[in-house]
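Could you slot chain B onto chain W? The hints should help.
2 protein chains.
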Amino acid sequence: MAQKPSVPKGTRDFSPVEMSRRQYIFDTVKSVFRTYGFAPLETPAMENLSTLLGKYGDEGDKLLFKILNSGEYGANLSQEELRNASKICEKGLRYDLTVPFARYVVQHRDEISFPFKRFQIQPVWRADRPQKGRYREFYQCDVDVIGSRSLLNEVELVQIVDAVFAKLGIRTVLKMNNRKILYGIAEAIGHADKMIDITVAIDKLEKIGLDNVKAELLGRGLDEEAVSQLQPILELEGTNSQKLDKLAEVISSSEEGLKGIDEMRTIFSMIEALGVALPVELDLSLARGLNYYTGAIFEVKALDYAIGSICGGGRYDNLTGIFGLPDVSGVGISFGADRIYDVMTGLELFPESVDCSTQVLFMNFGEAEQMASLRIISELRKAGIAAEIYPESAKMKKQMEYANRRQIPYVVIIGSQELDEGVATVKNMRSGEQQQVAFDKVAAVICE
Amino acid sequence: MAQKPSVPKGTRDFSPVEMSRRQYIFDTVKSVFRTYGFAPLETPAMENLSTLLGKYGDEGDKLLFKILNSGEYGANLSQEELRNASKICEKGLRYDLTVPFARYVVQHRDEISFPFKRFQIQPVWRADRPQKGRYREFYQCDVDVIGSRSLLNEVELVQIVDAVFAKLGIRTVLKMNNRKILYGIAEAIGHADKMIDITVAIDKLEKIGLDNVKAELLGRGLDEEAVSQLQPILELEGTNSQKLDKLAEVISSSEEGLKGIDEMRTIFSMIEALGVALPVELDLSLARGLNYYTGAIFEVKALDYAIGSICGGGRYDNLTGIFGLPDVSGVGISFGADRIYDVMTGLELFPESVDCSTQVLFMNFGEAEQMASLRIISELRKAGIAAEIYPESAKMKKQMEYANRRQIPYVVIIGSQELDEGVATVKNMRSGEQQQVAFDKVAAVICE
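So the protein lines, in turn, are chains W and B.
All residue numbers for the first sequence refer to our numbering, where the first residue is -11 and numbers rise by one.
All residue numbers for the second sequence refer to our numbering, where the first residue is -11 and numbers rise by one.
Just chain W, with the same shape it has in the complex (with noise of 0.2 Å):
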C-alpha cells in the first residue's frame, strides 16, 4: 500500500470531537461580542506582499508564507531575483488579523461608520519552527473597536473579558498597565530613551529579586540617582488606586506619564462602578506589544493553570498610518483559542453534551423495520434532535459498537417483535436501562 500520507509540518486536522469542543469556545466567544455589538469581518487568506512586507519586522518578514505567483515557475530569473522573490511572489499569507483589518479599514474607510466594532476569527500562517503548543496555522479570535478615544472601549473590553471567561468555566486574573505610564517613569528618571531596558527589569523582579534588578538596570547604563528614583516603584504596593497615587508623586514630572494615570483611575473607577467578577490588577511589568501599544495594555492569565497568558491587546493610536490613514486610534484583545482549548481540556470544562453530536442511533434491522425507524427519525429531526440510523442490517454487536464509539447517549431498536406491536425499545447507553414506548412518545424518553 502507498505510504500513509500526512499534513505539513506544523498543521492539524482536527477531528470531530476536537471541532465541537473549538467550537463551542468560539460560538461563546461570538455570542458575547454580538451582545456588545461586534459585527463580524472577513478578509482573504491571501494578502499582497506589499500589504504584508515591512509590518512585523525583519523576523516577521522572514516568517511570511509566500505563494508562487500561477502560471510562472521563476524561470528565467537570475538568482538575486530569486533570492529576494520579489518576482516570483506577489501575494502572502496573512500573517496576523490586525494588519489585514488596518488594510479593510482603509481601503473601506468610506462605507464604514465610525466608530468600527468588528470581531474576526480566521487562522493565520506563520514559517515558525514548529515546537510543542506552536504551530504553522493557528486561529486568531479578535475583537477591536477603531475610530474612538474614548476610554470606555477599554472599558467594554475587560467587561467582555469577564464574561467570556464567566461562561466558559475558568478563573483568570487580568492584569493591565499603560505605555504611557511606563514612558513617564523612563522619563521622570531622566531616562525617557531607556523605557524597555527598565520595563524589562522591572519585569524579573519577582524572579531575580531588588537587588539584581538594581545592578541591571547600572548595567544597561542608568545611574545611581536615577535607580535610586526608581526604588519607590519597585516597592509599589496596596491597591490599584494607592499603586497609582504613589506613582503619580514620583513621576509627577512627567506630563505623559500623569495623562496615563489619569487613564487608569478612569479605567478602573469605571470597572469598580459597573463590577466585574474578575480581578484587574495594575502591573507595571507587563510590556506586551510595547512597541505599538500607546496607552492600556492588557493580559489575562489563567488561575488554575499554567500556560501562560490565554488572552491580551490594547490601545494603538496609529493602525492605520501604514496605509496612510493617520489619526485613526483603535483599541482591542485577542483571545489564543488554542491556549483557551487547552487550558479546558485540562480542566475538564468542557459540557459533556459538547462531545457527543448524535443524540439518537436506530439499529436497523431490515427494511420494513428501517422505514419503520426512519418515520419516527423524521419527527426527531424536525424536533432538532440529532438522530440517525444505521445505514446497513448489520450484527446487532457491529451497530453497538458503533454507538459506543460515537458516544451516543440512546439507541432505539426497532426490530420485528416491536413492529408487530407498535413499540420501540429505547436503551439509555449510559445507565443501561431500557425501556419500550410507543412510537410517538420516543423523543419524550430522550428528551427527558
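Just so you know, the hints here were simulated from the structure itself, not pulled from any lab data.
Incorrect hints may have been included.
[Unchecked claim] As a list, the in silico BS3-like pairs of lysine-lysine whose alpha-carbon atoms are at most 25 Å apart:
id : chain 1 : residue 1 : chain 2 : residue 2
1  : B       : 385       : B       : 415
2  : W       : 234       : W       : 247
3  : W       : 75        : B       : -8
4  : W       : 289       : B       : 370
5  : B       : 18        : W       : 18
6  : B       : 75        : W       : 75
7  : W       : -8        : B       : 75
8  : B       : 155       : W       : 370
9  : B       : -3        : W       : 75
10 : B       : 370       : W       : 155
11 : W       : 289       : W       : 155
12 : W       : 415       : W       : 429
13 : B       : 43        : W       : -8
14 : B       : 429       : B       : 370
15 : W       : 192       : W       : 289
16 : W       : 18        : B       : 155
17 : W       : 75        : B       : 50
18 : W       : 155       : B       : 18
19 : W       : -3        : B       : 75
20 : W       : 202       : W       : 163
21 : B       : 370       : W       : 18
22 : W       : 120       : W       : -8
23 : B       : 18        : W       : 370
24 : B       : 231       : B       : 195
25 : W       : 289       : W       : 163
26 : W       : -3        : B       : 43
27 : B       : 182       : B       : 234
28 : B       : 202       : B       : 231
29 : W       : 231       : W       : 182
30 : W       : 370       : B       : 289
31 : W       : 182       : W       : 247
32 : B       : 234       : B       : 247
33 : B       : -3        : W       : 43
34 : W       : 182       : W       : 163
35 : B       : -8        : W       : 43
36 : W       : 50        : B       : 75
37 : W       : 182       : W       : 192
Same frame as chain W, but now just chain B:
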C-alpha cells in the same frame, strides 16, 4: 497619502452585513447536518503537494496555488528545477475539500468509526482567471458519508437538500441520474466506449432538438442502428418510475445498466415513502462529475432564479484509492454558498433580523448619563440583547446618524432630564414612535 491598499484579484473581504448573511446560510446548513448525525471536520489550508498533485487532472494541477518553501527562495537552482517548482515548493493551498477528506480518512482510518459521516465548511483556492461569480478564494460546504454502500445514504442526502432549502426559503428542483444507467445505455447500443459522447448529446436535446442530436451522435461515430436504438431513450416521458420501466426494456442487455435502474427505483420509492417537499426528477442528461462518480448523481437548481446549480454531488466508489486504501465507498453533496447567497439576495430571502447586529443603541450625553445607561445595558446583555452605547458624548445628530447607518432598530435616550426622573426615552427607529419607560422596563419594550 499612500496608494489605497487592495486585496489580490479574485479574493474578497466580507463586510459585517455580508458576513451575517453568509453566517445565516452556514448556520442553517450546519443545523440540518447535525440533526442527521453529521459531525464537523477541518483540515489545514495547506497540504503537501504530493497530496494534491495529480488529483484534479493537468488543468487542476495548473490551478493549484503553491507555497514557497520558507527560508530558501529558489536561489542556486537550475531553470529546469524552477520550471517544475518542485524544489522551491513542497506545499499548496487546498483546491477542494474532497481530496483533503480522502487524505484524512486514510491517515486516521484507525481512529474513525465507519460509516463516517462528516461535514466540512472551509475556503478553497484556485488560480482560475477571476470573472463574475468566479473567485480565487471561495467556501465549499461538503457533507459526505464514507464507508457505507447503503442507498439509504443517498436518500438521507435528498432529505438534507429538502430540509436545507426549505429552511432557507428557496424553491428548488432536485435532478438525479446514475452513472451505471448512462454506462448501461452506451453498452446496450453497442458503444460502451461512447458513454460521454452519448450523455453530452442527450444533454443538448432541449436546446437543439431530436434531429440535431441524432445528427451529432452519427457525427460522434455512432451507427444508424445504435442511434435508432437510442431513440426511445431520447423520447422518455412520464413519471420517474415510468421512465425507469421504459429504460429497463431498452437496456435489458446491460447488467450494469439494470443495476443502476434498481438503485434508482429503491431511492425513489424510499423518497416517496418518506415524503419530501421538493420535486425529484430523473434526468438522463445530468452528467456532472461523470469521471469520478460511480452511482447516483445529484444536482439542485433554484426554480425562481437563473444561476445554474446551487448544490450537487454523487456516489464515488474509490475516493481513498488514490491514497492506497481501496474499496471504501462514499456519497456526498456540496452546497454552493456563494450562489445560494446570490439567490437569497436576488429574491430578498434573508430575514430582516440578519442584517442588524445591534438591537439597541444608547445615546451618550456625558458621564452621569453614561453610567446610568451602562447599568441598563449590562442587564440587556445578560438577557442576550445586543446593546451598545455611543462611546463619546458627541452631537446628537452624529449619534443618530450612526444608529441609522448601522440599521439599529431601537435608540434609548437618557439625558439629564431623564436621569432626574429615572426614566428612559425609547425610540423605535422604524416607526419613529417614542415612549418613556422606567429604567427596568427598557428590556421589555425592546423585546416586544
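Starting from the hint list further up, note which numbers the structure goes against and sort them upward.
-> none
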